[in-house]
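Student: Using the sequences and the hints given, assemble the complete structure.
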Amino acid sequence: MGLTSVSFVSFVLNGRRKKLDVHPLKRLLDVLREDCGLTGTKEGCGEGECGACTVLIDGVPVNSCLVPAAHADGTRVTTIEGLGGRHRLQRAFVEHGGAQCGICTPGMILAAVALGPRPSLHDIKVGLAGNLCRCTGYSAIYRSIQQSHV
Amino acid sequence: MKAFAYVNPTSEKEAVAALKTDGIAMVIGGGQDLLSRMKDYIDSPDRVVNVKGLDATVTATSDGGVKIGSAVKIVDLAEHAAVMSLYPSVAAAAIEVGTPQIRNQGTVGGNINQRPRCWYFRNEEFVCYKKGGSRCFAVNGENQYHAIFGNDGPSHIVHPSSLAVPFVAYGAKFRVLGPNGEREIAAADYFTMPTLANVLKENVLDDEDILTHVILPAPGNVKHGHYEVRYKQSHDWPLAFTTVVLVMNGVNGTSGANGTSGSTIRSARVVLGAVAPVPWRSRPAEDALAGKALNEATAALAGEAAISEAKPMSGNAYKIQIAKTAVKRAVMRAAGIKTV
Amino acid sequence: MSSRARKAVGRNVLRKEGHDKVTGAARYIDDLTFPGLLHARTIRSTIPAGEIVKVRFKGDRAGFTLVDHHDIPGRNIVALIDEDQPCLAERKIRHVAEPILLLVHEDREKLRAADVQIEYRPSTPNYDPERSAITFKKIAIDKGDLDAGFAAADVIVEGEYRTGLQEQLYIETNGVIAVPGSSVAGAAGGITVYGSMQCPYYVHRALVILLGLPAGKVRVIQTETGGGFGGKEEYPSMMAGHAALAALKTGRPVKLVYDRVEDMLATTKRHPSIVRHRTGVTRDGRLTAIDIDAVLDGGAYATLSAVVLSRGMIHAAGPYRCDHIRIRGRATMTNTPPNGAFRGFGAPQTQFAAEVHMDRIAERLGLDPVRVREINALRPGDTTATGQRLGKDSSALQVLREAVTRTGFRKRRRALAGTNRGIGLSLFFHGSGFTGAGEVKLAAKASLALTHKGARIHVASTEIGQGTRTMLAQIVADALGVRYDDVDVNAADTGEVPDSGPTVASRTCMIVGRILERCAEEMRARLGRLTPRQYLRAFGPLVITKQYERPAGMVWDDTVYKGDAYGSYGWGCDVVEVEVDRDTYEVRPTAFTTVHEIGKAIHPMLAVGQIEGGSAQGLGYAILEDVVMRDGRMANATLTNYIIPTSLDTPPMQVVLLENPYPHGPSGAKGVGEMPIDGPAPAVINALRHAGFDLREIPATPERVMLTSSVESTQRTPRTPRKSQAWV
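One line per chain: the protein sequences are A, B and C, in this order.
Position one of the first sequence corresponds to residue 1 (the numbering used here), numbered consecutively onward.
Position one of the second sequence corresponds to residue 1001 (the numbering used here), numbered consecutively onward.
Position one of the third sequence corresponds to residue 2001 (the numbering used here), numbered consecutively onward.
Since the hints were derived computationally from the structure, they do not count as laboratory data.
Possibly wrong hints are sitting among the right ones.
Claimed, not checked - Below 20 angstroms or equal to it, Euclidean Cα-Cα: the simulated SDA-like pairs (lysine to any residue) are:
| no. | chain 1 | residue 1 | chain 2 | residue 2 |
| --- | --- | --- | --- | --- |
| 1 | B | Lys1039 | C | Ala2113 |
| 2 | B | Lys1311 | B | Tyr1041 |
| 3 | A | Lys26 | B | Asn1140 |
| 4 | A | Lys125 | C | Met2653 |
| 5 | A | Lys125 | B | Ala1078 |
| 6 | A | Lys26 | B | Arg1037 |
| 7 | C | Lys2058 | B | Tyr1041 |
| 8 | B | Lys1201 | B | Glu1124 |
| 9 | A | Lys26 | B | Asp1040 |
| 10 | A | Lys18 | A | Gly84 |
| 11 | C | Lys2138 | C | Asp2557 |
| 12 | B | Lys1039 | B | Glu1124 |
Quick caveat, the model's predicted, so the values are computed rather than measured.
Tutor: Right, dumping it as structure tokens:
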């Protein structure tokens, strides 16, 4: 134990090891966008309400605007960039209208990834309840997720 | 954020030691509440002590209850088999917290110790009692979500914790570690009604204390019901909610026909959330239930009794009806009667 | 030129920027950075009315630049319609959150922590739009002889209806970056502004006037925009001015991105309304006289209130035939942040009143709500309140009948009677494009440039999620006879595209799409048998620019509000089922069906997306979304406290598209973006009426429903309680 600041945070980001000298309470969202240059993770509200900043930590969706950098230490972090560009959900969101303005889309897709294969409509609704979309009314997002397996 | 130290203790004792400072030290669990408050300049600690690495397990106790580490994630509490079977109202409250993302990151200790969600408290422009000021802005302001019980002031917040309510209802004890060692406090005594002397806090924790565990006693022959009312289906703070735990007379409290209980209620605990500065135990409702048959009529009586001591503010009288309904329906759920 | 290309119009082609959006590659304003970038913070008034006495910066000023009204080289206004709103307040304060000065620094934390204190001399604010001393705009529409209409009536039904503020709540907050130099390379003496916006040329004009620069020295470039819904129509002009002033003063790029709280506190919202109806009707259900008086709360400055009022009033009588109509409307000033554009633009407010009133008329006559609408719905050949004679592309009866059939409305209504559920409907219409002579005055232009494979679209119309790029490319592809993939779309950059007008008023497809279609038709004729590559090799570059042309016979008189208010109208009918918890008074929509007649669906999936999304916003408007104003300030300016529907709050939606082509729209298309938000609120309130609750005001929050008198017990207009009143 030390009373000085823990200055290094290391985690595996989209499969690559990262070691960063950042403030331990810097928001993971800012670490990703500013220190890692990955701007696919979006800020919608900064208070954990909208889910636009959703990333996966060890496969579990969290709001990166409310995760202190120190809490990512030793974890695997997945952002939208980590899905590549050919993930079934990415394709389906384009083909079935799940993305309109696109600002909620990265977080929405990552929350959908965490649902696993072939979720029921109920599971989709509950699983996405932390991701706000103002464009679609959600229906096209459900269709995208359901059609992603076809 | 100003410069400060971040401490990563490896034991509870180290955590307590790390809280000793001339400046302001704060505990961080999942960090969701603290990070929000720091971002909005509501708190500016000099030192932050991470307790996320402390006990994150749910274990069985020797008397048939469970011991829940403060660092247990809310999602894990909601899905824990023993919790779901022995304390279904705890699991029910946990699954209604925030959103999936918030449950994945938030901890039991963080949920219990989070600061009020009052919109004046959360806005740095309003220096209210809880921030060292000398007013509660809700009194002459927008108070539709504020307290309807325990409204003697000086603060009129509602306690924000969802888990605290079933914990009080099940008679939980909170284990606290401080510089002088460990102590156990009944959940009901952990939360404090505001006075001018203690208004800066919502509970008995001293500056160098940490909440380490929640210990739930064996439930015994009880029936449980939990009911929350909110505007929106997800991620909305409830308008009012209730946990009831009913100790039943009779052999095993099995249900009779038509969803009514075959036995009578020996004693009850009725605790309301989002209606008072603390989880609000309703003695009138408990008295109304004791000795009665468990049915819809009794549930309605409990609801009426619960609101007999309500004192609403200028803009939240409607919450009385909501609170009454939450009590009634929690009792109905305990009875296995369909509520809507 | 090949004509074998598969038709793009009517097909669900892939969205142009879809891949970038799902991979995180799309660049929104906050994703951009520039060397030497500074950040700005806006210091705003904390009082609703009064004067600034003194401004004091406390603490170390090192590294800070302060920008105030003295730094404005041109005129201190946000140029829009009226010229009443300063870009930075000089002395007078008219609302909370009025911008006073900007702080600029490279470190965002230092910026956030800086302490600026402002002393004020407060004056008494007014929050009541009916008692305002300042009227921004009045509108009067008269048709026939009102007295004669009432004389012919058997029954007169009166009512007062109110709607609240609504926040657009695009998930990307407002933001801009100003870079000194009018080209990307940074030429001296001008300014380039990047930003999240709907209307690059609005911003351009505002900057030219504010900065006193020639038009050629100002360049505005839209970045990928995370939703607008009207909320990025006028406010970006203000922000661009702020960032530009700061960039010119510091000589460095300046970023100004609002956080959610600031965005909610300071930027525009939907106008609250009070609409009173007095209607004469015969015993068998015919409307004989419609008398409407409406007030919109404009907030502290005029912004777009005049045109919001205009659209509101033109739609105020609903899609109904009546020979005798009087409509009086005004938009007045209050000491609250200015209200402005929001999807629907006045029509949701007035059609809420009209449609709730219509159910009350039906109830009074003992008719069912479908019957009274069938009797009165506008048919082709009928005239609207402004005297516009409707053409064959009018579909009020069709959408009504389709919705009634699809939902088994009458049967459901009988089945749900006496339960804790209710079913209601609304019939509505929405004019596409600018009102009256607006399009003629605007004279929008669009260009098409020949490329080696096909063509490139040059328009100022912005993609804000609705599918502008995709839909315009489809129209051009078919008209030119090339593949959809061979049409690309230039950035909405005023340095490169002509002024095709703002991206508002459901005009992009019908108006701009049609101009582009004409460009493509001419380009196709010029190409003859040549491929684009052959043409370019033989003749060099080919750019075709066309301007809006008013369809023959379209007439509008702005002085008396008479004539053809819009080229065409879309028509819609919503049916909502709600469930009411009779103990907690929670209202939950459980089923939603909407029928929309939109001329032609260029891209059916995008059109359905607009309808589903707009309907969800309408349901939020009806039930959940409550802006709480206290002392002129939004008290619930966070996403925690201002709630919008989540996935769990949105009912299953059935969307039915009907097509009744408008001869002057591209492939027959009309507008679609705004209309979906007109219908849900009255349908919900009518469903609540069916369930026994006589509401006249939205949102239908539990406390409002709880305090509403039941339908049986009221004959007079009850006052549903206002938020500001005590309930005990």
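Student: Which hint numbers doesn't this structure obey?
Tutor: 2, 3
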